[in-house]
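S.K.: Chain L is already provided as a structure; the job is to place chains X and S on it using the hints.
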Amino acid sequence: MKKIVLLNLLFSICFIQGNEVYKFHSLEDEKRFYDLIQEIRCPKCTSGSIASSNAPVSEDLKNKIAELINEGYSDKEIKEYAKARFGNEVLYNPEVNSSTYLLWYGPFIFLFMILTGFFFRRKSQ
Amino acid sequence: MKIFIRLVILIIPIVGFVFFYNLLTEDKFYPGANFDRFNVPVFALDDITSQKIYTKDDLNDELLLNVWASWCITCRVEHGFLMELKQEGFLITGLNYKDESTDANNWLNLYGNPYSFSLHDIKGSLALDMGVTGAPETFLIKNGEVLVHYSGEVNLAVWDNVFYPVIKENKMFR
Amino acid sequence: MIAEVSHFFLVTASGLFLLSFIFSTLTYKTNHNIEILVSRVFSYGSYFVFVSFLIYIWLSIQSDFSIRYIAEHSNKDLAVFYKISSIWSAHEGSMFLWIVFLSLWSQFFNFKLPQADLLKAPSIGILSFIIFGFLIFLLFTSNPYDSLLPIAPANGADINPILQDPALAIHPPFLYLGYVGFVIAFAYNTAFLIKGDLDINWEKIIRPWSLIAWILLTIGITLGSWWAYYELGWGGYWFWDPVENVALMPWMAGTALIHSLYVSSRSNSLRSWTILLSISVFSLSLFGAFIVRSGIIDSVHAFANDPQRGLYLLLFSGILIISSLAFYALRFPKLVSSNLIKPKSKESFLSINNILFVTAIFAVMLGVLYPLIFDFIYEERISVGPPYYNTIIAPIAFLSSIFLVFSVGSSWQRSSKLFFIYSPLSLSILLSIFVACFIAFKLQNFEWWFIGGNFSGFLILIRYLLLVINNISKKMYFNKASAIAHAGLGILLISISINAGLSYEKIINIKAGDSFQDDMYTFNLLDFELINEDNFDSIKAKFLIKSNDASEQVFYMFPEKRKYFIRGQITSESAIQITPFKDIYITLGDQLDNGHWVVNIQYNYFIRWIWISAIIMCLGSLMAIKERSIKK
Numbered sequence: 001m002k003k004i005v006l007l008n009l010l011f012s013i014c015f016i017q018g019n020e021v022y023k024f025h026s027l028e029d030e031k032r033f034y035d036l037i038q039e040i041r042c043p044k045c046t047s048g049s050i051a052s053s054n055a056p057v058s059e060d061l062k063n064k065i066a067e068l069i070n071e072g073y074s075d076k077e078i079k080e081y082a083k084a085r086f087g088n089e090v091l092y093n094p095e096v097n098s099s100t101y102l103l104w105y106g107p108f109i110f111l112f113m114i115l116t117g118f119f120f121r122r123k124s125q
Numbered sequence: 001m002k003i004f005i006r007l008v009i010l011i012i013p014i015v016g017f018v019f020f021y022n023l024l025t026e027d028k029f030y031p032g033a034n035f036d037r038f039n040v041p042v043f044a045l046d047d048i049t050s051q052k053i054y055t056k057d058d059l060n061d062e063l064l065l066n067v068w069a070s071w072c073i074t075c076r077v078e079h080g081f082l083m084e085l086k087q088e089g090f091l092i093t094g095l096n097y098k099d100e101s102t103d104a105n106n107w108l109n110l111y112g113n114p115y116s117f118s119l120h121d122i123k124g125s126l127a128l129d130m131g132v133t134g135a136p137e138t139f140l141i142k143n144g145e146v147l148v149h150y151s152g153e154v155n156l157a158v159w160d161n162v163f164y165p166v167i168k169e170n171k172m173f174r
Numbered sequence: 001m002i003a004e005v006s007h008f009f010l011v012t013a014s015g016l017f018l019l020s021f022i023f024s025t026l027t028y029k030t031n032h033n034i035e036i037l038v039s040r041v042f043s044y045g046s047y048f049v050f051v052s053f054l055i056y057i058w059l060s061i062q063s064d065f066s067i068r069y070i071a072e073h074s075n076k077d078l079a080v081f082y083k084i085s086s087i088w089s090a091h092e093g094s095m096f097l098w099i100v101f102l103s104l105w106s107q108f109f110n111f112k113l114p115q116a117d118l119l120k121a122p123s124i125g126i127l128s129f130i131i132f133g134f135l136i137f138l139l140f141t142s143n144p145y146d147s148l149l150p151i152a153p154a155n156g157a158d159i160n161p162i163l164q165d166p167a168l169a170i171h172p173p174f175l176y177l178g179y180v181g182f183v184i185a186f187a188y189n190t191a192f193l194i195k196g197d198l199d200i201n202w203e204k205i206i207r208p209w210s211l212i213a214w215i216l217l218t219i220g221i222t223l224g225s226w227w228a229y230y231e232l233g234w235g236g237y238w239f240w241d242p243v244e245n246v247a248l249m250p251w252m253a254g255t256a257l258i259h260s261l262y263v264s265s266r267s268n269s270l271r272s273w274t275i276l277l278s279i280s281v282f283s284l285s286l287f288g289a290f291i292v293r294s295g296i297i298d299s300v301h302a303f304a305n306d307p308q309r310g311l312y313l314l315l316f317s318g319i320l321i322i323s324s325l326a327f328y329a330l331r332f333p334k335l336v337s338s339n340l341i342k343p344k345s346k347e348s349f350l351s352i353n354n355i356l357f358v359t360a361i362f363a364v365m366l367g368v369l370y371p372l373i374f375d376f377i378y379e380e381r382i383s384v385g386p387p388y389y390n391t392i393i394a395p396i397a398f399l400s401s402i403f404l405v406f407s408v409g410s411s412w413q414r415s416s417k418l419f420f421i422y423s424p425l426s427l428s429i430l431l432s433i434f435v436a437c438f439i440a441f442k443l444q445n446f447e448w449w450f451i452g453g454n455f456s457g458f459l460i461l462i463r464y465l466l467l468v469i470n471n472i473s474k475k476m477y478f479n480k481a482s483a484i485a486h487a488g489l490g491i492l493l494i495s496i497s498i499n500a501g502l503s504y505e506k507i508i509n510i511k512a513g514d515s516f517q518d519d520m521y522t523f524n525l526l527d528f529e530l531i532n533e534d535n536f537d538s539i540k541a542k543f544l545i546k547s548n549d550a551s552e553q554v555f556y557m558f559p560e561k562r563k564y565f566i567r568g569q570i571t572s573e574s575a576i577q578i579t580p581f582k583d584i585y586i587t588l589g590d591q592l593d594n595g596h597w598v599v600n601i602q603y604n605y606f607i608r609w610i611w612i613s614a615i616i617m618c619l620g621s622l623m624a625i626k627e628r629s630i631k632k
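Chains as they are written, first to last, in the working numbering: chain L, 1 to 125; chain X, 1 to 174; chain S, 1 to 632.
Think of the hints as simulated: they come from the structure by calculation, not from any bench.
Be aware that a few hints might be false.
[Said to hold, decoys possible] With a cut-off of at most 25 Å between alpha-carbon atoms, the simulated SDA-like pairs for lysine to any residue come out as follows:
#1 L/K44 with S/E379
#2 S/K511 with L/H25
#3 L/K64 with X/S101
#4 S/K540 with S/Y504
Bear in mind the structure is a predicted one, so any value in this text is a computation, not a measurement.
Looking at chain L on its own, in the form it has when it is part of the complex (with noise of 0.2 Å):
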């Protein structure tokens, strides 16, 4: 037991951080991969990003960000990359833009709405 533990010791002299799979230039790029591909949907399963899928599409999207961090492409170049060839449905953030509006805004609107009936009501009586 000693003897497996000291050669394990030996080895891991050896072996220290080189065996990471996704390979980057600074802890920020490594942090936007793994930030980024939670926001990514897996083009094949019915749910779920893929960071937690390991269909062989959800594999090859990752590499394939890897590359292109590596490459120096932009967090919205690689979205726009997914979703030319995904489609907009891969991207989980769905953008703020006209079509979205109500998505984003309604929550609040639908509170200020509620809130001012509340407060109007008391007023009033």
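M.R.: The following block gives chains X and S in isolation, referenced to the frame of chain L:
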């Protein structure tokens, strides 16, 4: 004010009901069909017989590009129909997806070869660039532009409803 | 043969429920005998349902494969536990379970509610109508008794191995018990609205039923989340998947309901809100059942179904919801209380939180329906996922925590000063800001939701701590149930924030004999073991892990990859090591060409605390049932 609230409370579920009723009763078209057009990306791949490297320019002006693999069971089901299409004179080129060339060639020898040639996309890089998520998938391409991208098995019903109208409209395969 | 007996019992039950409903419509003649008849006939109806289901369970255990549903979802070689749980693994059987639970809850209610209660007959009548409608749906469109005779297969189908899991087996029963439990409040309140007699104290009646239903629903959702975490291999516990969301919405409405009930049972205000919430909770459950079973939304979870079933469910749910709301609209002017809610009173803060909860429900509903609406209008697809929900729900959660804490020191039906210097509220706010900032600096995470989540969570905990200290020293009464339940909420907020802010993963490639080291641990991949079981082959990786700090803890972890013979399905069994503040989570990926393996190592912080806090909230609610509500 009170009347307004009562109306809203009633109208919301009624609108919801009508909306869902519409959704449930609409005709379900073919969900695997995608008619968004895009240009075939640039590529350089050899074919499964390793005879030469093919690029985008080597593709015919009008073709069907069929994504297949020896490990893909549905492809075996689709194969018969592809052979029929070949008989009728439609040009089909293969995109062999994540497959060993020996396995691919053996499969074609065993079942028959409907393809003019098959690109060997062992890493799936061209497939990824074209939005492929698995096999079988089929593209209808004219002059380097994808007109139809179908995910799933192509059979007579799919051909008649999805591909043929586009072929006719674009006067292809005359 | 026996299957047909069971089938017959269900048909009989349907007839009895129909009869009970018809009798209930005749009670306007105030004939006491008819009222007793409503109750009796209902009881017999429910007994027939129970016996029918028990027989069905027996048939499943006996592996009667002449029944198509049992043949499709069960197998001779399954353990008895899974033979039983296979009953609710798909549409027909789970619908059957839904009906059984509807009958169970309603019969309990029928039994416990005194015959003298003015609303008994109409509410039992409504319940019988609901159960009758679902029974017709079951028997005509989703019959669990469809037969394969004259040829019964020798063995059943091969089961998805993912479904053979204890947590997944009991998650639906708890969930359904919760969903369905709110039917009591729905029926009783609708009866109240139909009858129109404002003096009836319905709050007192529906309170314990709603609390128990809430506890069961919370447990059901927590079980689902826990199962998803350890089984699905991605280390997350909530995905805002449409099917998770349709379970969350009744839960949020239920939470708002039990708080609104608390207010209406003490003062005359918020009555109209409480009734509306009461109708909404069960309506949202119906909506959930419809979404999951109609096939309208694509989701990992949805039972594959056809639009025909969806149409029936839509129609039936529509009838129930719209008629109930119609009565609400009718009585609304009389319901709205003349009492003014005083600013900065307890009622005012609870009202604001009611409004916030309803907004949250609206937001989730919007997120679930938006892809459908978008497709309908623009004919284009769009996905709404965690980024949307997290952005909208987090601020709402923080705001409601603040109002919750305001409510702690406040009083019923009068304003109170809350913000004077040295008040417990000011003190809590200051301390929480300090703690939240401290944590942000210590862990170097300054995201708005990280600080906000920690601030809200500690605000609740600190405020209640001050309350407990103050009242215990002065030997004053305080609401222990509320303190415990809300402390649970505080812990939940903190745990979610820290889990989101701190957790991370690393994807590495490694081969046997290699090791990988990060700042906390050294992972040594010793070797692989090949295992052959009855229904699967597996390759098991043996990791020896050593912590790099002075404690030098050593432990083993064994992530596995399994291939099940019959379906050829490959699953990944993650290895989890639980430590007090984090989980180490290892998943085996694919093997690369060079013989190396892809391994995913995750550190999931505070994840156990998320489920622990859910249990604490349930404990608090359990205590709340014992609390006697002050009579009006």
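S.K.: Each hint should be assessed against the structure and marked as holding or not.
M.R.: Hints, one by one, checked against the model:
no. : hint               : in the structure
1   : L/K44 with S/E379  : holds (20 Å)
2   : S/K511 with L/H25  : holds (24 Å)
3   : L/K64 with X/S101  : holds (23 Å)
4   : S/K540 with S/Y504 : holds (24 Å)
The structure shown violates none of the earlier numbered hints.
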